[in-house]
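So the sequence lines, in the order shown, correspond to chains P and L.
Everything in the first sequence is counted per this note's numbering, starting at 1 for the first residue and increasing by one.
Everything in the second sequence is counted per this note's numbering, starting at 1001 for the first residue and increasing by one.
You can take every hint at face value.
Derived CB-CB ranges, DEER-like: (1) 529/P x 1017/L: 46 to 54 Å; (2) 1017/L x 284/P: 44 to 52 Å; (3) 1015/L x 495/P: 54 to 62 Å; (4) 1016/L x 516/P: 31 to 39 Å.
One side of the interface only, derived from the structure: several residues of chain L facing chain P at Cβ under 7 Å: (5) 1021; (6) 1022; (7) 1045; (8) 1047.
From chain L, some residues computed to sit far from chain P (all C-beta separations above 10 Å): (9) 1012; (10) 1013; (11) 1014; (12) 1015; (13) 1016; (14) 1038.
Note that these hints are calculated values from the structure, not bench results.
Owing to the predicted nature of the structure, the values given are computational and were not obtained by experimental measurement.
For glycine and all other residues, C-beta sits at the position ideal for the given N, C-alpha and C.
Residue-level listing of the chains:
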Amino acid sequence: MSSQCKNEFCGSAMSACRRLLPLLVILLIALYAVGHSPPIAADSHGMEPGTAMMGGDEAASEAELEPAPRLNRGDYPDIGTSSRGIVWVFAQMHLFFGALVLAVPIFVLVIEFIGFYTRDDRYDDMAHEFMKVSLTAYAITALFGGTLALSLFLLYPDFMSYMMRAFGSQVLIYALLFFLESMLLYIYYYGWDALRYGNRKWLHLTLGLLLNGVGTTLLVVANSWSTFMMAPSGIDPATGAITGNLWEIMKGPLWNPLNLHRFLANIAFGGAVVGAYAAFKFLAAKTAAEKAHYDWMGYTSNFVAILAFLPLPFAGYWLMAEVYAYSQQMGILAMGGILAWLFVIQAVLICTILLAANYYLWNGMARTEGGERYRWLVKYIALVLILGFLVWVTPHNVIYTGSELARLGGGHHAVLGPLGIMPAKNIAVFLMLVMTFLSFQLYRRADREITVAWKDWGNALMIAIYVVACANIVFAGVYYGYFTNTVYKVGSSVLQVMSTVVVIVSGVVIDTLMFKGAKKLPVYWGKVSNRSQYALFALPIAFTWLMALMGYIRSSVRTHWHVYAVMKDNSPDNFIPELATVGNMVTGITLLFLIFVLFIFWIANLSGTRQVPPATEGQAATAGGAQ
Amino acid sequence: MTIEPETDTSRSTLDRLKSNWGSLLFFATLVASLVFFWWLLIYSGGVEIHHG
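Okay, chain P solo, but in the shape it has when bound (with noise of 0.2 Å):
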């Protein structure tokens, strides 16, 4: 084996071994808590220590008794700072990492599929590049994993306890799945043009599906222990004590809808990040073809979190529906508390998000000379996006001074104030995600001549089953919300809900069977502005925000449980902190992602750099200077 080899075997394994350490940590980690949670049930019946481990069914189901523990302020360890604090940030950013790193795998196989199919190297080579940008960011997400799980363990070592206890040997599995779906990362990352034809591509993509499904797994065991928190199951409600197996602790109220809606989202928000990346690399670009590539790269991106963002909102509704049917405290405080304020903000993101990516695909159009047919359409859907967007943000409540009340003549606008109840906001809601898929359905058509003919036929049905889908939601909302009483209320959005996906469904399958034998016209990549690589980044900046701001309520609906109802937090920061501090953890844990995103970008964009030899360098001056 020459040196070089030497040196490139020795390189190779030193970075495999600064990838694995992170997990060592983890594992290490999991090995402790599970064998350091407390003997069970030694203390408060009675027993000999090491009873319960003896075996024997009395022991064992006096074991499972032991109430959950009730703390005081002294059980928690002082470190001279919130502690609420430390856990919130490293949670939230071992959040964002996760979220990245197991959604691109997913579309990242399907690009790979469509490119094995198609036979055309330009998804392979995408989707390769699309790994690279998760691969950087999967070792920062086990950092930020070890260093949370210390921080619960150091700063709420009794909750930790309790919770080794309810979920037991599920935390060694998952510490496995993550040896797993590191193994098969890399072996998917590195392997990829080892197994690129025939049979081995097959195999890639096998490894492909088998790290999606080992990283969905680990998504869903991690959500268990979010949703036992938040609504718990297989223990006694009076006590806390663990009555039921891991199966029952696991599949408790939330799990599901919770598990849809991450899913959802994390594709939503992993699409958007590396359309970032793509919008960097566009900019940056010296090359037409380099500027095609990143343009078709950002493209899809685009595509890909615009598709997983539209049925999101409908995960959410599930997800709120079954909170509210869990417990309505918890459903009133999200909704209709102080939390509520929040959801204003919510709704600036996400109109932000959707009229970003609404301006990314009218820019789009450009690409091809087909888009000029559609360009007149496009006022009256941004017409209709702002005002969704200006209806969805009114407050219901303000706090006014005496003299504003007086000249309000009351607490409510006569005009604006029916707008700050959910009938007006479900109206624009649904009116905004209609409008985000007509934009969407207009770009596909931007690059086709549709030849069928039927297509005037066709195009009536569309624009008939667009009116109609309007009318109902407009009327749903205005008759159901504000004529009828509260059951009917809240029923409408069903209708709501139908209405727009009925239009989604029915523009697919229209548009595919008009699309048969459809003359294409050229599209330009590359041909589009500078500033629609801005929406690129405003998507992902947005989409961080909303899942920080979204997460923290999510889990502040506990309020002062640690497990809601069982187990109460007695720590100092057992309350729901003020709207401003709340506002500032958000955008400082988004910003501080923001940057670790913009290292990840440098980092992947070093590795595709390679320094001018000097001797080239000096040629090169010398060169330069005779002409």
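Starting from the known structure of chain P, arrange chain L on it as the hints suggest.
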């Protein structure tokens, strides 16, 4: 995709399976993954979910 058009009738099913092991592996893994997630997420396991 990688499944070649059937021109050689003398090839046995086993030969065809051997030459297309990659696609078979992929789809078998896909089915196994779907069954696994059905078991993990949808199958009740005898557990009845209670609302508070």
